[in-house]
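K.L.:
Dock chain A against the given chain R, drawing on the hints supplied.
The lines below spell out each chain.
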Amino acid sequence: MQPTPEILFAALGLPFLGALLVPVAYRALGERVADAAAALALVCFGLLLTQAGRTGTVAVPWIPALDVSFVLYLDGLSLLIALLATGVGVLIFTYSGGYMPGEPGQARYYATLLAFMGAMVGIALAADLVVLFVFWEITSVASFGLVGHYRETASAQRAARKALLVTVAGGLFMLVGFLLLRWASGNVLETATFTLVGTEGSMIANAEAMRAGLREAGLFTPALALVVVGAAAKSAQVPLHFWLPDAMEAPTPVSAFLHSATMVKAGVYLLGRVRPLFLPSEVAPLESEWVLLVATLGLVTMTVTAVLAVGATDVKQLLAYSTASHLGLITAGFGFANHLGAEAGAFHVLNHALFKATLFLVAGIVAHEAGTRAIDELGGLRRDMPLVALVTAIAALGMAGVPPFNGFYSKELLFEAAYEAAHEAGGIAWLFPALAVFGSVFTFLYSIRFLMLFFGEKPELLGEVHAPPYAMLAPPVVLAGLAAVVGASPQLAVDAIVGPAFGSAVPGPPEHAMSVHLPTAVTPPLVMSAIAILGGTAAYPFYGRLHVGVRRLAAGPVSADRAYRTLVGGTERASHTLLARTQSGQLRTYATWVIATTVALALAGYLAAGVVLPPFTGIGLAAPTVVVLAVAVVGVLAVGRAPSHVAGVLTLSILGFMIAVFYVLAGAPDLALTQLVVETLVLVVFLLVLDKLPAFYGDPDRSRALRDGALALVVGGTVSVTVLLATAATPGSPISSYFAERAPVPGEHGTIITDFGGGSNIVNVILVDFRAFDTMGEISVVAMAALSVLTLLAMRGRGEAE
Amino acid sequence: MSDGESTVIVRTVARVVFPLVLLTAIALLLRGHNLPGGGFIAGVLTTAAFALVYIAYGLDYPDSGLFGRAPDGVSPFDSGPGLVDGYRYLSAVGLALAAGSGVVAVLLGVPFLAQAVVFVEHLPLYGEIEVASALAFDVGVYLVVVGALLTIVAVVGAE
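Residue numbers (the working numbering), protein chains in the order written: chain R, 1 to 802; chain A, 1001 to 1159.
One chain only, chain R, in its complex shape (with noise of 0.2 Å):
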């Protein structure tokens, strides 16, 4: 069935809606806003919910010039995505209104967090490249809002810029991927079109052809390439995850939505969702590009960051680590050919959301709570928050894999995806199954790290531990109690939405449903998950160990982090460089540089379009004109020896009433008019402020001269060769002749005349008539540029810029 237009539309622009309104209903409503954006996060949940079951495209035109259609796609996958963006944002913003109060910047937390759940949306709904790549900038720039929340602090500062620069420099790859796919498209069906999925025309229902195209132009691994690198920055791939460690900096609230329910899960979905794309429906697993990309990243992903999990000494950044980790083993799932790997990507997609919030929402209220994140100064929580620890250990047991909580489920199907691969490739296929079980030792050794906050003695130096209000409480009881759920009862949570989602993520149509229960036989996934667990629980004693090991070695010569640092100080030091040199404070550097700039620029585009000037016809001028222009020019050498600012002045005005007098002789009446009040303002003006001028006539030492001699006969070169090649170019019938039989009033006419001018002075017609438009935007830049002034002399003062 069809999904209802008005519907997918209202879920995705209330929440930006909503965004808009908050400053207004924060002042009305202060801080209860929050069950305002939870009450609005519940109706987008609720229409979306009326959409189950339901697949296909609404459209509305949005850019027809370039051919982009604001396309909603609904179908399984989309629709698990959305809930999650809404289903969570009505717990986080719940959850806000008991975290937030006190703290600064309320109105823009929610409307951030609001035209981010929009986005989210929008990401989900997206079947357009284009769209789908709007709404992934706007959540990025809202994560770099909200990861900055706290504007004062250096550290979050820090980790802002690097969540903004990583994310959207991935999103950069991912757009140039995209125009090669539009590229491809254009080749290979009848239109090109940004239409992912969803149309008869899109990428998705002609991916046979897409794939062969691609390959044809020798594309298609670096198409696949630059959309994964896209993917892999968004949801913090190696080597691109250590943006999300530092992203902690960002209230708890928008860690548990942002940073590990909802954004991050957009690269995902995008890898989700593009597989039926690059991956055909038959194929072995190392001879697919996609398989060797995708899956190998994920799996080093997944062990990399669960091992740097365990030398995390926060708890919040644990969690980070672990995300990234967790978000591995989704990459690696849909990274497999086979359909177990769809199903464990789809599946882990919801239960990583459901385990992960609950934690980081619990992790918020210890830190709320007991007044300190630091692991090793927590513990024997369990005695002051007995629900919470209930909470907890259905997560983290989940988060561990250990049946029968939800996680198990979903890294049973990644274990047996692996393992297929293996079986059937052989070799050294061999390392996937063996590296997602080594990655889940540590994954498991975290996981019950996480859970112990809550067990053993309750440290000394922790003080007074009080229990959380209601607000904070009743999110992760609700994510625990879906996620308990989903432990208990698989099939339930498959049927309802895993399934349909998995479907998406598949070439062709899926052979079966999708089944999921609690092993009854040993199989080879059943021995591996085993071994995790076994192997976890017998490494747990050295736990201590493990985490200073693993500190040492995050600490060495390899860290992306410090690629990174090394990157952006460089670029900070090479535009301080810059800047001291081009923008010295002094108005004479400034000018000689754009004015350099701008003849560089001219002169490099004559040269690249290879103009021709026009040849030289001798000069016809009368004898009036050549007099004038003699004058002028014997006045131009004289400001050059003008002994004072007054003479200067005096002088350059003799230029500027020549030229007023040539406009005269060349029939410019209005021109010179122009020339001449200008040039009088100019005078006054300059004796207005004059003696105010430092007398800087002093001996310019001779290099400088020569520099400024050099640029000022380019500047003029520059000019007359524009002024040549403008006036060169006659068109076969010039607008002046329109304007001439337009502008003035014509001799038969009624009463109103609309089609004419009705004015003989043609100039002047044009500029309020013809080209009102044109007057219109140049009266806003005068009074602009007014206010400029005014606000610069005004402010210069008040030190804004600290």
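Think of the hints as simulated: they come from the structure by calculation, not from any bench.
Among the clues, some could well be false.
Just some of the chain A residues that point at chain R, by a computed CB distance under 10 Å [stated by the list, open to error]:
| id | residue |
| --- | --- |
| 1 | P1019 |
| 2 | L1028 |
| 3 | P1036 |
| 4 | A1051 |
| 5 | G1086 |
| 6 | A1092 |
| 7 | A1098 |
| 8 | A1134 |
| 9 | L1135 |
| 10 | V1141 |
| 11 | A1148 |
| 12 | V1153 |
For every residue, glycine included, the Cβ atom is placed at its ideal position computed from N, Cα and C.
P.N.:
Okay, now just chain A, sitting in the frame of chain R:
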């Protein structure tokens, strides 16, 4: 301006020339549709007239001499004489007038900023007179130019 008073010659000339320049400016504005002139030129000329007054009588004179206000009427922007506020409103009004004249055209069902001309006949003394809707737009241009340039002149002059 800071160092000492301007000479009597400057003051006297300014006093005589100021109204003449203003008159010329308004004439240029009104006849612009059919003869050389127009909003921009008239605006610049008006600004020049005011600048002359500033030079001759100092920056506070238009405020105290024309409106009888105390010279300490400082604008909220804390720079320039008190009249700067007035100038800012002037350019805002001008911009609104220019844009408004375009919106009226839209309301009448023609494109934004389309202009029309109406001939009013049988007037005493004048006989037939041509009223161009473009005049409203031109007055808007004039006000923006006067307001903006005077803001700049007054603020920069006050430095």
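K.L.:
State for each hint whether it applies.
P.N.:
Evaluated hints:
Annotation: interface hint on A:P1019 violated; nearest CB of chain R at approximately 17 Å, more than 10 Å. Nearest Cβ of chain R to the Cβ of A:L1028: about 8 Å, under the 10 Å cut. The hint holds. The interface hint given for A:P1036 is met, as the beta carbon of that residue sits about 4 Å from the closest beta carbon of chain R, less than 10 Å. A cut of 10 Å between beta carbons decides the hint on A:A1051: the least distance to chain R is about 4 Å, and the hint holds.
Because the closest C-beta pair between A:G1086 and chain R is about 13 Å apart, greater than 10 Å, the hint is violated. Here the hint on A:A1092 is kept, as its CB sits about 7 Å from the closest CB of chain R, short of 10 Å. Hint on A:A1098 holds. Least Cβ distance to chain R is approximately 6 Å, under the 10 Å limit. The beta carbon of A:A1134 is positioned within 10 Å of a beta carbon in chain R (closest approach about 4 Å), and the interface hint is therefore held.
Hint status for A:L1135 relative to chain R: holds, with the closest Cβ pair at about 8 Å, below 10 Å. The interface hint given for A:V1141 is met, as the beta carbon of that residue sits about 5 Å from the closest beta carbon of chain R, less than 10 Å. Hint status for A:A1148 relative to chain R: holds, with the closest Cβ pair at about 4 Å, below 10 Å. With its C-beta approaching chain R no nearer than about 6 Å, A:V1153 sits inside the 10 Å limit, and its interface hint holds.
Hint compliance for this structure: hints 1 and 5 are not met, and every other hint is.
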